[in-house]
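Visitor: The whole structure should be built from the sequences, with the hints applied where relevant.
Residues are numbered in this note's numbering as their position in the sequence shown, beginning at 1, plus a constant of 758.
The set of hints was computed from the structure by calculation and includes no laboratory data.
Now the in silico label distances, taken between C-beta atoms and shown as ranges:
| # | residue 1 | residue 2 | range |
| --- | --- | --- | --- |
| 1 | T793 | K772 | 28 to 38 Å |
| 2 | K778 | R813 | 18 to 28 Å |
| 3 | I797 | D762 | 33 to 43 Å |
| 4 | S787 | T764 | 33 to 43 Å |
| 5 | H798 | K778 | 16 to 26 Å |
| 6 | E789 | I761 | 40 to 50 Å |
| 7 | D762 | L807 | 13 to 23 Å |
| 8 | I766 | G799 | 20 to 30 Å |
| 9 | E763 | F791 | 35 to 45 Å |
| 10 | I761 | L807 | 20 to 30 Å |
| 11 | E763 | S787 | 34 to 44 Å |
| 12 | S787 | V765 | 33 to 43 Å |
| 13 | E763 | T793 | 40 to 50 Å |
Note that CB positions come from ideal geometry on N, CA and C, so glycine has one too.
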Amino acid sequence: MKIDETVINARINKIQEYLKILKELKLESRENFLTDYRIHGLAERYLHLTIDCVRYWKPFNLKT
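Guide: This is the structure:
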């Protein structure tokens, strides 16, 4: 399997973008994080997006 450097670089850029957002959310107090569903939901979503960037997803239209 050949690794596409542009895909890797795009994923790294997205990871950096998502981590920046997560670091901003980290500034919220623990109480706000636990009680405000919007803050908690954003953190959960961006963590999920970050994990998805790390994992390999084969495009559905490629045959094995």
